[in-house]
Amino acid sequence: MIALNPSQLKRLFNTIKPISLWFFLISTPIALFYALYISPPDYLHGDLVRILYVHVPAAWLAVGIYTVMGLCSFSSLVLRSSFYSLCAQSLALPGCVLTVICMLTGAIWGKPAWGTWWVWDARLTSVVVLFFLYVGYINFCDGALNKAASVLNVVGLINVPIIKWSVDWWFTLHQPSSFFLTKKPAIASEMLIPLLLMTIVFASWTLAVFTRRFFINMETFQRRHSGIL
Amino acid sequence: MSPKAKQRTIRLVLILTLTTGICLFLSGALRENIVYFKTPFELLVLDNPSQKLRLGGLVVKGTLHSKNGHHSFMVTDQTTKIRVDYTGRLPDLFRENQGIVAIGNYDGSKKIFTATQLLAKHDQYYRPQKITEQPNNY
Chain Y
177 MIALNPSQLK
187 RLFNTIKPIS
197 LWFFLISTPI
207 ALFYALYISP
217 PDYLHGDLVR
227 ILYVHVPAAW
237 LAVGIYTVMG
247 LCSFSSLVLR
257 SSFYSLCAQS
267 LALPGCVLTV
277 ICMLTGAIWG
287 KPAWGTWWVW
297 DARLTSVVVL
307 FFLYVGYINF
317 CDGALNKAAS
327 VLNVVGLINV
337 PIIKWSVDWW
347 FTLHQPSSFF
357 LTKKPAIASE
367 MLIPLLLMTI
377 VFASWTLAVF
387 TRRFFINMET
397 FQRRHSGIL
Chain L
34 MSPKAKQRTI
44 RLVLILTLTT
54 GICLFLSGAL
64 RENIVYFKTP
74 FELLVLDNPS
84 QKLRLGGLVV
94 KGTLHSKNGH
104 HSFMVTDQTT
114 KIRVDYTGRL
124 PDLFRENQGI
134 VAIGNYDGSK
144 KIFTATQLLA
154 KHDQYYRPQK
164 ITEQPNNY
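Same order as they appear, the protein sequences are chains Y and L.
For the numbering used here, add 176 to where a residue sits in the first sequence, where the first one is 1.
For the numbering used here, add 33 to where a residue sits in the second sequence, where the first one is 1.
To be clear, the hints were calculated from the coordinates, so they are not data collected in a lab.
Treat the numbers as computed from the prediction; the structure is a model and nothing was measured.
Each hint should be verified, as a subset may be incorrect.
[As the list claims (entries may be wrong)] Reference excerpt, derived from the structure (chain L facing chain Y, CB under 10 Å, subset only):
id : residue
1  : L47
2  : G54
3  : F58
4  : V68
5  : Y69
6  : T72
7  : V93
8  : K114
9  : R116
10 : Q162
[Claimed, not checked] Restricting the straight-line Cα-Cα distance to at most 20 Å, the calculated cross-link-like pairs of lysine to aspartate or glutamate (EDC-like) are:
id : chain 1 : residue 1 : chain 2 : residue 2
11 : L       : K144      : L       : E75
12 : Y       : K287      : L       : D125
13 : Y       : K193      : Y       : E366
14 : Y       : K340      : Y       : D318
15 : Y       : K359      : L       : D156
16 : L       : K39       : Y       : E395
17 : L       : K100      : L       : E75
18 : L       : K94       : L       : D118
19 : Y       : K287      : Y       : D223
20 : Y       : K340      : L       : D156
21 : L       : K39       : L       : E75
22 : L       : K39       : L       : D110
23 : L       : K39       : L       : E129
24 : Y       : K360      : L       : D156
25 : L       : K144      : L       : D110
26 : L       : K100      : L       : D110
27 : L       : K163      : L       : D140
28 : L       : K163      : Y       : D344
29 : L       : K143      : L       : D118
30 : Y       : K287      : L       : D156
31 : L       : K144      : L       : D125
32 : L       : K114      : L       : D140
33 : Y       : K186      : Y       : D344
34 : L       : K163      : Y       : E366
35 : L       : K163      : L       : E129
36 : L       : K94       : L       : D110
37 : L       : K37       : Y       : E366
[Stated by the list, open to error] Quick look at which bits of chain Y chain L covers, simulated, 3 or more residues with Cβ under 8 Å:
id : stretch
38 : 231-237
39 : 349-356
40 : 364-376
Using N, Cα and C, we set each Cβ at its ideal position, and we do this for glycine too.
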């Protein structure tokens with residue numbers, strides 16, 4: 177990220193713009209077919225497990241986007257760069273939407289599985305905090321440089337490890353992680369495949385939205401401030 | 034103060050208020066909840082067990098007794114077992130050897146936890162049903 181300069185990155189975004197949309201349009205029916213039809217019901221959850229294919233990718237991306245946003249905000253503050261600030265701003269809405277999807281699908285899953293729509297355990301509460309951080313960021317957005325929102329974004333990065341390890345550090349109702357970088361996942365391969373496909377769907381959607389919002393935002397600010405970038 | 038400085042101050046104060054708000058919200062919403070439940074061992078060492086609390090653990094295999102909607106089973110954290118009584122419909126995902134969170138009151142003299150609500154705590158393993166497996170429903 178730091179190795180490429182803004183004009184190279186802008187060219188990259190321009191290239192990604194149509195490709196990401198095609199990825200999204202093609203991967204969605206394939207992923208949905210796999211998730212809703214081919215993949216087997218779970219031994220415990222039955223067909224309810226299919227919510228996992230929306231809930232988990234949304235959660236991964238909600239947290240991942242926030243992390244990337246935080247790094248962009250950090251760069252924008254340090255380098256006084258409106259380019260990186262614009263990157264962060266363009267990621268905020270997709271990230272916020274995915275956080276909401278994560279919470280809603282989680283509640284829909286929780287009611288039949290746990291017996292309740294919601295609990296204030298460490299995992300769920302930290303995700304609500306993430307939602308407020310997104311909303312706060314969007315609210316404080318003003319102009320290309322965006323210092324206040326960027327500071328909030330960077331300070332909020334502390335919440336990311338809390339979300340991730342909440343299920344390990346404290347007793348929670350939410351179960352521990354099923355996915356690890358270094359060992360086998362706790363999920364069967366017939367279920368891992370649709371999960372990864374749905375992750376591609378959400379990731380390509382994010383990139384498609386991001387690249388479009390980036391250039392729209394850039395034009396808006398260029399018109400307002402005549403040539404900051 | 035110049036108008037720009039005023040604006041920056043207002044914004045900073047807003048950020049700090051928001052951060053404080055979040056922290057207060059967190060400490061309020063979490064309080065006892067940061068650890069969502071007590072284990073059987075922790076329950077036994079409590080000095081004032083009369084208030085409503087949450088007990089979490091695994092359902093011990095072979096300990097479920099049900100009659101007329103009144104259920105009783107043992108919950109363990111691999112070191113201690115506690116008996117839980119519950120009247121009502123068991124959660125769909127209630128299983129032996131799976132996690133459970135019981136919300137209710139503990140009677141220290143009778144050593145029985147009377148639950149008013151049960152939440153099934155499922156584990157992180159997902160796999161298809163084996164052909165020979167029976168779906169066990171309670």
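Outcome of the hint check:
1. L47: 7 Å, holds
2. G54: 9 Å, holds
3. F58: It holds, given that the least Cβ distance between L:F58 and chain Y is near 8 Å, below 10 Å.
4. V68: 5 Å, holds
5. Y69: Since the shortest Cβ distance to chain Y is 4 Å, the answer is holds.
6. T72: Holds, about 7 Å.
7. V93: With a minimum Cβ separation of about 18 Å from chain Y (threshold 10 Å), the hint on L:V93 is violated.
8. K114: Hint violated; L:K114 Cβ to chain Y Cβ min 18 Å, cut 10 Å.
9. R116: 20 Å, violated
10. Q162: 4 Å, holds
11. L:K144 x L:E75: 13 Å, holds
12. Y:K287 x L:D125: Cα-Cα ~10 Å, so holds.
13. Y:K193 x Y:E366: Status violated; Cα separation ~31 Å.
14. Y:K340 x Y:D318: 30 Å, violated
15. Y:K359 x L:D156: With Cα atoms ~17 Å apart, Y:K359 and L:D156 stay inside 20 Å; holds.
16. L:K39 x Y:E395: It is violated: about 29 Å lies between the C-alpha atoms, which goes past 20 Å.
17. L:K100 x L:E75: With Cα atoms ~29 Å apart, L:K100 and L:E75 exceed 20 Å; violated.
18. L:K94 x L:D118: Answer holds: L:K94 to L:D118 is near 16 Å, not above 20 Å.
19. Y:K287 x Y:D223: It holds: about 14 Å lies between the C-alpha atoms, which stays within 20 Å.
20. Y:K340 x L:D156: Holds, at about 17 Å.
21. L:K39 x L:E75: 53 Å, violated
22. L:K39 x L:D110: 57 Å, violated
23. L:K39 x L:E129: The hint is violated at about 63 Å.
24. Y:K360 x L:D156: OK: Y:K360 and L:D156 at ~16 Å, within 20 Å.
25. L:K144 x L:D110: 16 Å, holds
26. L:K100 x L:D110: 26 Å, violated
27. L:K163 x L:D140: 41 Å, violated
28. L:K163 x Y:D344: Violated: L:K163 and Y:D344 sit about 29 Å apart, past 20 Å.
29. L:K143 x L:D118: 12 Å, holds
30. Y:K287 x L:D156: Measuring from Cα to Cα gives roughly 16 Å; hence the hint holds.
31. L:K144 x L:D125: Violated. L:K144 to L:D125 sits at ~27 Å, over the 20 Å cutoff.
32. L:K114 x L:D140: 14 Å, holds
33. Y:K186 x Y:D344: It is violated: about 40 Å lies between the C-alpha atoms, which goes past 20 Å.
34. L:K163 x Y:E366: 13 Å, holds
35. L:K163 x L:E129: Cα-Cα ~18 Å, so holds.
36. L:K94 x L:D110: 13 Å, holds
37. L:K37 x Y:E366: 58 Å, violated
38. 231-237: Three-residue rule not met by the stretch 231-237 of chain Y, so violated; n is 0.
39. 349-356: Since three or more residues must qualify, the claim that chain L covers the stretch 349-356 of chain Y holds, with 5 doing so at under 8 Å.
40. 364-376: holds (count 3)
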